[in-house]
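Q: Take a look at the letters that make up each chain.
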Amino acid sequence: MFEIILGAISLGLLWAVMTIGVYITYRILDIADLTVEGSIAMGAAIAAFSIFNGMNPFIATGLAFVGGMLAGLVTGILHTKLKIPALLAGILTMIALYSVNLRIMGKANLSLLRIDTVFTPLEQLGLSSTNAVMLFGFISVMAIIGLLYWFFGTEIGCAIRATGDNPQMARAQGINTNNMIILGLVISNGLVALSGSLIAQSQSFADIQMGIGSIVIGLASVIIGEVIFGTRNFFNCLISLVLGAITYRIIIALVLKMGMPANDLKLFTAITVAIALSLPVFKSYLRPLKKSMNGGAR
Amino acid sequence: MLVINDIEKKFNAGTVNEKVALSKFSLSLAEGDFVTVIGGNGAGKSTFLNCVAGVFGVDQGSILIDGLDVTKLPEHKRSGVIGRVFQDPMMGTAGNMGIEENLALAYRRGKTRSLSWGISHKEREIYKEYLSHLDLGLENRLHAKVGLLSGGQRQALTLLMATLKKPKLLLLDEHTAALDPKTADKVLKLSDRFVNEGNLTTLMVTHNMRHAIEHGNRLIMMHEGRVILDIKGEEKQQLTVDDLLKRFGQVSGEEFANDRALLS
Numbered sequence: 000m001f002e003i004i005l006g007a008i009s010l011g012l013l014w015a016v017m018t019i020g021v022y023i024t025y026r027i028l029d030i031a032d033l034t035v036e037g038s039i040a041m042g043a044a045i046a047a048f049s050i051f052n053g054m055n056p057f058i059a060t061g062l063a064f065v066g067g068m069l070a071g072l073v074t075g076i077l078h079t080k081l082k083i084p085a086l087l088a089g090i091l092t093m094i095a096l097y098s099v100n101l102r103i104m105g106k107a108n109l110s111l112l113r114i115d116t117v118f119t120p121l122e123q124l125g126l127s128s129t130n131a132v133m134l135f136g137f138i139s140v141m142a143i144i145g146l147l148y149w150f151f152g153t154e155i156g157c158a159i160r161a162t163g164d165n166p167q168m169a170r171a172q173g174i175n176t177n178n179m180i181i182l183g184l185v186i187s188n189g190l191v192a193l194s195g196s197l198i199a200q201s202q203s204f205a206d207i208q209m210g211i212g213s214i215v216i217g218l219a220s221v222i223i224g225e226v227i228f229g230t231r232n233f234f235n236c237l238i239s240l241v242l243g244a245i246t247y248r249i250i251i252a253l254v255l256k257m258g259m260p261a262n263d264l265k266l267f268t269a270i271t272v273a274i275a276l277s278l279p280v281f282k283s284y285l286r287p288l289k290k291s292m293n294g295g296a297r
Numbered sequence: 000m001l002v003i004n005d006i007e008k009k010f011n012a013g014t015v016n017e018k019v020a021l022s023k024f025s026l027s028l029a030e031g032d033f034v035t036v037i038g039g040n041g042a043g044k045s046t047f048l049n050c051v052a053g054v055f056g057v058d059q060g061s062i063l064i065d066g067l068d069v070t071k072l073p074e075h076k077r078s079g080v081i082g083r084v085f086q087d088p089m090m091g092t093a094g095n096m097g098i099e100e101n102l103a104l105a106y107r108r109g110k111t112r113s114l115s116w117g118i119s120h121k122e123r124e125i126y127k128e129y130l131s132h133l134d135l136g137l138e139n140r141l142h143a144k145v146g147l148l149s150g151g152q153r154q155a156l157t158l159l160m161a162t163l164k165k166p167k168l169l170l171l172d173e174h175t176a177a178l179d180p181k182t183a184d185k186v187l188k189l190s191d192r193f194v195n196e197g198n199l200t201t202l203m204v205t206h207n208m209r210h211a212i213e214h215g216n217r218l219i220m221m222h223e224g225r226v227i228l229d230i231k232g233e234e235k236q237q238l239t240v241d242d243l244l245k246r247f248g249q250v251s252g253e254e255f256a257n258d259r260a261l262l263s
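For the protein sequence lines, the chains are A and B, in the order given.
The opening position of the first sequence corresponds to residue 0 in numbering that gives the first Met the number 0, with each subsequent residue numbered one higher.
The opening position of the second sequence corresponds to residue 0 in numbering that gives the first Met the number 0, with each subsequent residue numbered one higher.
Derived by calculation from the structure, the hints in this document are not laboratory data.
Errors might be hidden in some of the hints.
Stated by the list, open to error - Derived DEER-like restraints, expressed as beta-carbon distance ranges:
id, chain 1, residue 1, chain 2, residue 2, range
1, B, Tyr129, A, Asp263, 52 to 60 Å
2, B, Glu17, A, Met141, 55 to 63 Å
3, A, Glu122, B, Phe55, 36 to 44 Å
Backbone N, C-alpha and C fix where the C-beta goes; we use that ideal spot for every residue, glycine too.
Could you put the whole structure together from the sequences, leaning on the hints where they help?
A: Shown next as structure tokens:
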């Protein structure tokens, strides 16, 4: 049991990187960006192929990050310059990436068994593979949180936040909202691909299908994090995202342990997210009920 | 300061819904002019202001601000020299960001944004100082989210933001229309003060004839996309609402059609 929880935490830390990426588009830019389904697999594909062919795993991981940024750039240009609605622009890139990822890997999946990854140096220090992933994940996540906390406090970072909050106001303050949207999508998808590359290396294989449903997992993690761990300030939000991603993994590990068939996982995740997203509606139904139970009309 | 030459703007051109919003519209503002713009429903007042701000382009003609041709410049580039306050109090500020963050965004209008900090300690003192002049107690709530403020407070803040970096042109688009009369008066007084202190060239669209007469040094009335009355100087000072209605009837041959203007 303890083992399962530890595994969930280490995997959750890797998915947290992706969750932070989803947060940047979904909450900061106010765009539901489906590109992530393609860019997470793209990160995995680039890292797996490069490492498989003898590249240094750290350089390969960096390459995956750059690949994700390019995917975000494509969606950004489709959306802002060519005026395609954000949701559709994301879907187009996602579909295109399916073919691109197949091209990168040359086949539908690639094994990295007994090949050195970014986790190998830590394993050589005597850590178990789970602990190596956990330590590496923890350090990466903390570094990313630090960088983003700084970035969104800079002039450009503030301009991105203003663009997501109120584009009209942003333009009136001289902000090029199109460029800010593109920049946000680039950073977001870079992080998602980075996450994908780390996930592939931890599980020792990359699969063309691994992106399917990832946006829903990302959203589930964002919402779980925000609801349980709070959104007092930006730093608190970022920490909540990480804890949300870990919580999601633990929940999944537990329901699987309790005997839910793995094939039902996506259905379970979708229902969880649907319930979480509709909570405000339920709350507004419940409020009058509560009031009347608390002593009638006022 | 602002020169507009024969601009034309059509919406839905070439369809049955074609609407000529501005036709052969020309206007020239001297530095320090405070012009109130009034007109009936659909006269083209807001279209005119949006064309100047660059929200959309014009079909013909040119717009010059301080000698610079801005006709083809996108909205965010024109913003460097234009301060704006909108009709909807929600529109001029970012509700999920703090008061100081909003001010910091405005403070950087017209400047290339970099990776230096979004707000410096020195600025905070400046913002406190300016906010205290608003007399709304906002100087002690620098971190508060703007979404928590009332409509009047947001409009006052937007006004401060629009003038924080002295604009060459200040555009006020019915900026008191969504406020209750008492708050509207307060915001108008504040607008007057900012305009006078900075000697700002200003265009103020209003639907309220009394406001149009009481404020500014020049009044233009629009009808069907053109300027039909242009009253300034001594004549403007002696103008009454009745005069204005009478003169509108003479020039346009119609009754003044704006319920809101007549009621207020």
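Q: For each hint, tell me whether it holds in the structure or not.
A: Quick rundown of the hints versus the structure:
no., hint, verdict
1, B:Tyr129 to A:Asp263: 52 to 60 Å, "59 Å, holds"
2, B:Glu17 to A:Met141: 55 to 63 Å, "59 Å, holds"
3, A:Glu122 to B:Phe55: 36 to 44 Å, "60 Å, violated"
Comparing the model with each earlier hint shows a violation of hint 3 alone; every other hint is respected.
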